[in-house]
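Undergrad: Between the sequences and the hints, there should be enough to build the whole structure, so can you do that?
Counting from 1, one number per residue, gives the positions in the sequence shown under the working numbering.
Honestly, the hints are just simulated from the structure, not real lab data.
All the given hints hold, so there is nothing to weed out.
Once the Cα atoms are required to be at most 20 Å apart in a straight line, the calculated DMTMM-like pairs of lysine to aspartate or glutamate come out as: (1) Lys481 with Glu450; (2) Lys457 with Glu491; (3) Lys197 with Asp375; (4) Lys457 with Asp478; (5) Lys298 with Asp288; (6) Lys462 with Asp486; (7) Lys457 with Glu447; (8) Lys425 with Glu466; (9) Lys425 with Glu450; (10) Lys425 with Asp488; (11) Lys293 with Glu282; (12) Lys298 with Asp285.
Keep in mind that this is a model prediction, so the values were computed, not measured.
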Amino acid sequence: MKKGKDAVKPSLKNLKYDIPSGIVVFFVAIPLCMGIALASGAPVFSGLISGIIGGLVIPLISRSELSVSGPAAGLVAVVLLGIEDLGGFEAFLTALFLAGIFQLVLGLLRAGTIAYFFPSGVIKGMLAGIGIIIIIKQLPYVMGLNAPYISSLEFINEINFKDIKNTHLLQTIENGSLIIGLISMTILILWKTSLFKKLSRIPAGLVVVLVGIVVNSIFRKFLPGLEIPETHLVNISGIDTPSDVLAEIRTPHFQAFSNPQTYFVAATIALVASLETLLCVEAVDKIDPYKRKTPMNKELYAQGVGNIIAGLLGGLPITSVIVRSGANVSAGGKTRSAALIHGLLLLLSVVFLIHILNLIPLASLAAILVVVGYDLATPKLFKSMRKTGRMQYIPFLVTIIAIIATDLLKGILTGLTVSIFFVLKNNFDTPYFFIKNLEDKHTTHIELSENVTFMNKAGIRKILEEMEDNEMNKLVVDASKTVYMDYDVTEML
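TA: As structure tokens, this is what we get:
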């Protein structure tokens, strides 16, 4: 098998692999595009727009053959808070446009290694925190609560535990949505078991959406009391003909440039989207059968272009998405043509299948997102991180708590600060190789490491101060293996 960038090139002979793979990715992407928009508090149509841009624009610029881009669950919290902080979706689009420019600049500055400067504990904490937020936001939809955008935490606060039956929100539950939500969750859970192994190649999200539509149709015909009202269905209004699609496109309010908060939101989008993209592309490169390597700077540039267009056309932030990319690899996709085909199918569905999309229950989409959130914050992740030691585990937990309590960027920076503290503490505790001379108990031998920086100064000073109290002690400082020693340490010695 050939390896490297010349192993497989886009060609007509590879379409027999890329077309089926593109179809599979399309069925995975369409419920996620709408579901992520729902979770973000944005128009459902915006998720589809970003899916189309991720499929039709980014593959033309990117050099990643197997990764597939679109709206990402990892930015749900950013979008939700960004729309709220900036006062509307159109103002948020200005921040998204600006974030795309930031990414474009990062690509031109060859900052594709940015992800390697963030500790693993912080990155995994970021993903787990996002997963928990998605679950908190989407469970009420699965339960059929008739309260748009209420979170699980707000729901818990509303419960009167002394008289649960008379809790106001519980009285607003739509029973049809609750039934479909429970059926959807059951399908998604069982789909991963050995019982459905033979059907595992069929996207579970597609099955859930189709079952939701069918069950609601049965309710409508035989059990009208359980029929789901329009407020609990996907609602992409105003599109009756293909020409209506253009009329639904929203554009940014560039007056938002005068709001300092716009730049903060844009920086958050650019940072998180870049991190998620680079981590996803790296993961996809590892499972590429042909071991092709993606130029990371080019990928940042491509994602920047995609987010600029998404900002101008009313989309959501775009990243490379591991769920779609993994589906592409599993389905046998070989080149970027698979991503292009999935994007073309998304475009055709928006133009010709809007009436069918509007039949999808929100409970079905919410169930898909709850499982996505669980996969990001699975208990196995917490167990594996705990085994890595407190230098990774504590920043991991701090990042999660800070993200839930504040926002994504503050959470990441808090986790990073804690990680830096542990690095400094570790340098303080072990700035050298400590050796006690066995022949003379009064002699202490310190063998300095290869690089001695100012971060080692406190640790070395500590041992020197301890020795000052005993005049009988003899100190030998061995710097024979040291390549670099900071002036601060030299001066102190």
